[in-house]
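These two chains come separately, so use the hints to put the complex back together.
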Amino acid sequence: MRQKLVLIGNGMAGVRVLEELLERAPDRYDVTVFGAEPHPTYNRIMLSPVLAGEKQFEDIVTHDRAWYAQNGFDLRAGQRIDTINRNAHEVVAADGSRFPYDRLVIATGSHPFVIPVPGRDLPGVITFRGIADVDAMVAAASDGKRAVVIGGGLLGLEAANGLLARGMTVTVVHLMATVMERQLDDAAGHLLRRELERRGLAVITEANTECIFGDSHVAGVRLKDGREIPADLVVRAVGIKPNCALGKAAGLAANRGLIVDDRMVTSDEAILAVGECVEHRGQSYGLVAPLYEMAKVVADQLADVGDSTYRGSVTSTKLKVTGIDVFSAGAFGADKESEDIVFRDAARGIYKRIILKQNRIVGAVLYGDTADGARLFQLLRAGEDVSDARDTLMFGPAAGGAAPDPLEAVAALPAEAEICGCNGVCKGKIVDAIAAKSLQSVEDVRAHTKASASCGSCTGLVEKLLKCTLGDAFQAGSSVKPVCGCTTYGHDEIRKLIRAKEMRTIPEVMQELGWMSANGCSKCRPALNYYLLCEYPGEYRDDAQSRFVNERVHANIQKDGTYSVVPRMWGGMTSAAELRAIADVVDRYQIPSVKVTGGQRIDLLGVKKEQLPAVWADLNKAGLVSGHAYGKALRTVKTCVGSEWCRFGTQDSTAMGIALERATWGAWTPHKVKMAVSGCPRNCAEATVKDFGVVAVESGWELHVGGAAGMHVRATDLLCKVATAEEVLEYCCAFLQLYREEGRYLERPWPWIERVGIAYLQKKIVEDAHSRGALHARFRHAVSFTQKDPWAERAAGTAAHEFKPLAEVIA
Amino acid sequence: MKMDWIDVGLVADIPPMGARVVRSVDGDIAVFRTADDQVFALYDRCPHKGGPLSEGIVHGRSVTCPLHNWVISLESGVVEGPDQGCATQISVSVDQGRIRLALPRPARAAHG
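Listed in order, the protein sequences are those of chains A and B. Its first residue numbered 1, the first sequence is counted upward by one per residue in the numbering used here. Its first residue numbered 812, the second sequence is counted upward by one per residue in the numbering used here.
Be aware that a few hints might be false.
Said to hold, decoys possible - Below, in silico cross-link-like pairs of lysine-lysine (DSSO-like), each with a Cα-Cα straight-line distance of 30 Å or less:
(1) B:Lys860 <-> A:Lys595
(2) A:Lys296 <-> B:Lys860
(3) A:Lys804 <-> B:Lys860
(4) A:Lys224 <-> A:Lys145
(5) A:Lys595 <-> A:Lys804
(6) A:Lys672 <-> A:Lys608
(7) A:Lys672 <-> B:Lys860
(8) A:Lys296 <-> A:Lys318
(9) A:Lys241 <-> A:Lys320
(10) A:Lys621 <-> A:Lys672
(11) A:Lys320 <-> A:Lys4
(12) A:Lys501 <-> A:Lys559
(13) A:Lys559 <-> B:Lys860
(14) A:Lys608 <-> A:Lys595
(15) A:Lys721 <-> A:Lys763
(16) B:Lys860 <-> A:Lys523
(17) A:Lys429 <-> A:Lys467
(18) A:Lys621 <-> A:Lys595
Hint data in this document are derived by calculation from the structure and do not stem from the laboratory.
Same shape as in the complex, but just chain B (with noise of 0.2 Å):
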């Protein structure tokens, strides 16, 4: 599939230890900014039963899920410890501070 990199906004728009969400034509994305400013993407839906990640507390380079406690790795979308599953990762640029997302093509951003 082709890919283009879409801009979404500040790093600094999203709190550290925080996420927000992007809104898509594929469903929600979770951007996460870890308390180091690292930035990841996921899709916004626990591999569990399709909590809402980006609503999770984070910690380290992991996110909690708020429905069932689920712990998932921000690096690889993998579900950590004892359960078994993965979120779908999505690929992130920042550059002076702006988000870029890899998104499938035709894609087109507005700010909200």
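Only chain A is shown next, with the shape it has when bound in the complex (with noise of 0.2 Å):
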């Protein structure tokens, strides 16, 4: 007599068991099939072409119900088995019907993660689960609408680019900083969602969901930093989870999922389990090729045929949205022994990374190009030793091992890019002057354009379109030094770079440029977070691990690891109240020496770093705040008494020093910066040896820049001479402004002076009005988001795991 299989779940899972089993022993089974969807088995995977209007439903059903009537399957689309009755062998229907077994396999698959926020089951706020969930989202779809989809991995973005597709504003929100981080990594995350944007998907990252607000029907969602996004529709695909409550409920043996054994088998003996609904050996998943492993496993079983066990999944993917090329596999976080082999083609977005250990593959991300994800994944699954063919590994065998081009981010620039930007010399005019002219050499280029023939920032750049334009021909080595061991490129390349490719993140930077380490460096990682936050002030989010530890903490390390603290005295000013105050926090928190600096400054060393915090919260009752002391920004305005008290003092220096550091403190600069304001050319405040030396005279203030008083001693060279304090507030913010956008990063104002030459900077800030107000204007625009005291905010809390131990292990 024939035995009863009952088969609860009628996914692909469930589907798959039934394939492998008809090949195995067709007559073994009376089967019986339960399926909570009214419909016959589709691909669950293609739900999202479904949805974004490439396939209709009938193109992804797998098993029409002819195919069960055909191999004898009793299918019960749409009845929900509701009791496993585990002493009696049957299983018990919804409708109280009872149906015994033999064998049962459990295929329930999983649930969408439910997010623990308020409004999620408004009208309106939908899952991407079943073809019923895309009936939803499709019914409420309509152009103009507005959907904000809450979970930027795999499922999410497949779910936003169906609704983009179906003329709806979509908002993807996203908790962690880069999308499908589960599956890809910085660089590949990055391009990825720079080509949704492009598309114009809106991704917010970081974005923690407060709410799901609107009364009868969902009107938007609320994140935790305020920001309300207004939706018609709101899809939640956070992830999954094991649906295995029958199973639990019936006793099985259960943690996240359906506890069962390499050969499948739950807690009992007579039930398995398969598919999204199994945790095997602490492993769920939620992708079909795992699902398809198990099934053969669970189906020689069944037949009783061999002792197949399964082990495990390494597991692939890719993201199914038409025209984005992504493919991940296995550990691309992989461990301490593990290598990178790193391909970067920035011209065609094509981004690939092997990861190897031992010698064998354990990863591999791809973006761009996944045409080798098949031959990659079958090397990795098979574990094989791959020393041999390393070299030839990135790019199939066939070929030779090309090198990533690092002229290719010069070489894609569209012709009107700007080169120059002193003479506005575009790419299209020096490389069709290169052609016409047959110019060999920068100094041709100079002398036929004007390109790199003022302040020379383009030099590299010329260089590289020589290289671009005659190949070979072109010999003479580069006089541009690269900032460090990761690029090729120096700091006027990248700048301009960062300025005509719109580059916006670090990650963006080093992708484009073809960085040939994964993140940088301790030299450039620095410099690009400067050059992006002072090309994108206000916009651009100031990445703390790429600053050094002063910037970070806002406070100078010592020599010990403790800091010290300088409260800022504007225009070396202080008070009765303020040194009381200082006196006090000394007092309270017993900071071992207190020293007055050069800058007309009390500096507090010894401070340890979990007091730093407290320390500022005092020094702020007393209305002192940072005085930058530990940035590369600016740092001092030295001031004598000037004609308040002194009886050759010409002019209120003390006042203008004031003004001048209300004017200036906050701005982050390429390197420190430092400025004095003497009242008479006795010059008091030495101001002749500061970065910005204002000397007052009896018509009015002379400016001088460039002075230096450390390692090297420079005397200023003299800007010019204005009759206003208003004037010396604009002249004054037009050269730290130019300074912002022309000194390299760690570069003094003197070395770059020296580089452009004072009559450039008399050009630029004393000649030319126009351009002045204009450096003055974006000079005003970009403080106006960083005149903030760091230490009120981490005094307030901000990056409070700065300030304090991970963990205290006691003896």
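Printed below as a string of structure tokens:
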């Protein structure tokens, strides 16, 4: 007599078991199949193309009712099983009918993960799991309506793309910093995000959903930072969890999912489980390939053939968004012994990374060109030693291992991209001149086009254009020193390319310019962070991990690991109340040293890191704020007492110093900036060895720039003379902005001025009022975002993790 | 020496490409998290002049000491480049996002 097999779950895993069983023992069982959805089986992973309108539901049906009938399977689609009665070997349906079994297979799949936010059940809030969800989305989608997708993983992005294709305005909100972070590394995540944004998706990362709001229907999503995104439709796609309630209720061992052994048998020998509802060796899967591998083992068990076992799966993922090729397999996080092989082709938007461990592939991430995915995945699964093929691994057996070409970013620039800002020369003009006039050198280009003839910051780009245009015929070695070993580009080239290609993040710059290391080094990361901060004020998100410790924690690290704290004393002026507050702080926190600095400030030395927020809070109470003594920023404005007290003073230098410091504090600069204002040419404030020095004379103010009094001593160059205090402020801001925009990271103003010449500064700041006004306006715009006391922010709890240990281990 | 695995917190508590300190009777321990979420631990002393490595910039599998820019391998503690020396390593295990350090017995953790 035939045995009775009951299958609960008519999804891809369950049906795969039936197919495998047909191949092994078609006559062994009378099979009854229960499915909660009233449909024949369909290919769930093809729901995305259905949502996007590229396929119809009929196209993705894999097994119609005729198939079940043909094979003698009793399909009960839409009939839900409520109970498994293990003692009686029977399952009980919702309508009370009972079905006996000899073997039972549970394939109940998964549920969408429920996000713990209010409003998640409002009408108009749906998940993306089954065809019913797709129908609901299609019904809700229409031109001009707004959708928010919560979750920037595989499922969320596919849903978002589908809704976009149906004419909706779509915003993806994602908790993590990069999209699809479980499958992609930063670089690939960045490329994907940029492509999705180019298609019109809005993507908000590090977005924590506070609630979904609306009265009778969803009206929008509110984030924890207070932002509200209006929405007519909200899709919850934050992941899945195994649906194992039925098995659990029957007393089967379960954790996250139903626990199965390597034979796919649950804690009850008569019951097997397969698919997303399963937990095998602590692992649950949400992808199709593992289900198929499990189904084979289940079928072997049911057919009683062989002793096959399931040992877990290495998974690979592809994003099903038309025109975007993304592939990920194995462990891209890898571990201590792993090595990376990285290939970047900025021009074609390709990124490939292969992760090796002991000469075996353990992971791969491909973006833009996934043709090699299958080959690499095969090598990964086979665990073959690839040491002999390492050179060609990235390009396939046919290729000879071409290295990425660092010229590509320049070659890919459009003809209208500006190369020389000083003389307004674009790429097209230079390339045409090289060809038409057979130019051979940077000097030739200079003579014929004026490019690189002024400040010289585009020299490296001009060299690369010669190389691109002439090929090997251009032999001259580069005169430009790369920023560090991670790149072939120099500082000026990188800044110009950031602007020309509108690059907005550090990973993007590294990708586009073919960085040779995974995430830079301690030389290039702070430089890139500064350049982006300067280029996109108020918009670029400062990357704390790319800051030197002093700028990250807003205090100066000392040789013993303690910190020094210097409060701002505007123009070097202080008061009894401030001094009293400082004295109290010194006593309260037992600060070992108090020092008066050369810049007319008071330095509290030997403060422990954990004490910093409390010290700052106390100083704040007396009105004292950060003095930025730790920053590549305005440090101090030193003053003499001026005409208020001094018998020689010609102008109120103290008031001028205070006004200058109030106007310019908090601006990040390539290196530190020190200023001074002297009330007469006796120059007691030593203004002529400062980066920007002001010397009062009877008729107004002399403005001096480019002084230094460190390892190198240099007297300032006279920039110009102005009549009024307002002009001093305007010229100073314009000077600082020009330095911010054109000085190289870690280059003080004086070497920059020696490089470009004082005449260049005079042209930009003194002679051209329009240029000065524009520089001044850009400076004001930039500081409008940064003139906030970083101490007050941290005393109030910002970056709290910086100031306390992770744990204390006590004996 | 008998070692115990001590739970010191979550990977998520450390910023990517950052570090946090664990205080211990044998001195501070720097626990690093790389861009690809690998976790490493070294005693928080640069072999050069004892600088706090936990405050350095983390890049690839290395950290640059904030005092004099020595570069130390997180994987081995060995100083990279022309300089010579080695920082003391501590074994790390990460399980379900929780970090455990192998520390000499007896020791107990209290979270800060």
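Against the structure, the hints come out as follows:
For the proposed pair Lys860 of chain B and Lys595 of chain A, the alpha carbon gap of about 24 Å is at most 30 Å, so the pair holds. Annotation: proposed proximity of Lys296 of chain A to Lys860 of chain B is violated, straight-line Cα distance about 61 Å (limit 30 Å). Under the criterion of a C-alpha separation no larger than 30 Å, the hint pairing Lys804 of chain A with Lys860 of chain B is consistent with the structure, at around 23 Å. The suggested pairing of Lys224 of chain A with Lys145 of chain A holds, with an alpha-carbon distance near 24 Å, which does not exceed 30 Å.
Of the pairs offered as hints, the one joining Lys595 of chain A and Lys804 of chain A holds, with about 27 Å between alpha carbons and a cut-off of 30 Å not exceeded. In summary, the hint linking Lys672 of chain A to Lys608 of chain A is supported, as the alpha carbons are separated by about 24 Å, within the 30 Å threshold. Of the pairs offered as hints, the one joining Lys672 of chain A and Lys860 of chain B holds, with about 25 Å between alpha carbons and a cut-off of 30 Å not exceeded. For a cut-off of 30 Å, the pair hint linking Lys296 of chain A to Lys318 of chain A stands: about 23 Å separates their Cα positions.
Restraint check for Lys241 of chain A and Lys320 of chain A: satisfied, since their Cα atoms lie roughly 21 Å apart, inside the 30 Å limit. With a CA separation close to 27 Å, the supplied pair Lys621 of chain A and Lys672 of chain A stays within the 30 Å bound. About 39 Å separates the Cα atoms of Lys320 of chain A and Lys4 of chain A, which puts this hinted pair outside 30 Å; it is violated. Note on Lys501 of chain A and Lys559 of chain A: the hinted pairing is violated, with a Cα-Cα distance of about 41 Å set against a maximum of 30 Å.
Only pairs whose Cα atoms come within 30 Å are accepted, and Lys559 of chain A paired with Lys860 of chain B is accepted, the gap being roughly 8 Å. The straight-line distance between the Cα atoms of Lys608 of chain A and Lys595 of chain A is roughly 17 Å, inside the 30 Å bound, and the hint therefore holds. Of the supplied pair hints, the one linking Lys721 of chain A and Lys763 of chain A holds, its CA atoms being roughly 14 Å apart against a limit of 30 Å. This hinted pair checks out: Lys860 of chain B and Lys523 of chain A have alpha carbons roughly 21 Å apart, not beyond 30 Å.
Between the alpha carbons of Lys429 of chain A and Lys467 of chain A the distance comes to roughly 15 Å, so the proposed pair stays at or under 30 Å and holds. For the proposed pair Lys621 of chain A and Lys595 of chain A, the alpha carbon gap of about 21 Å is at most 30 Å, so the pair holds.
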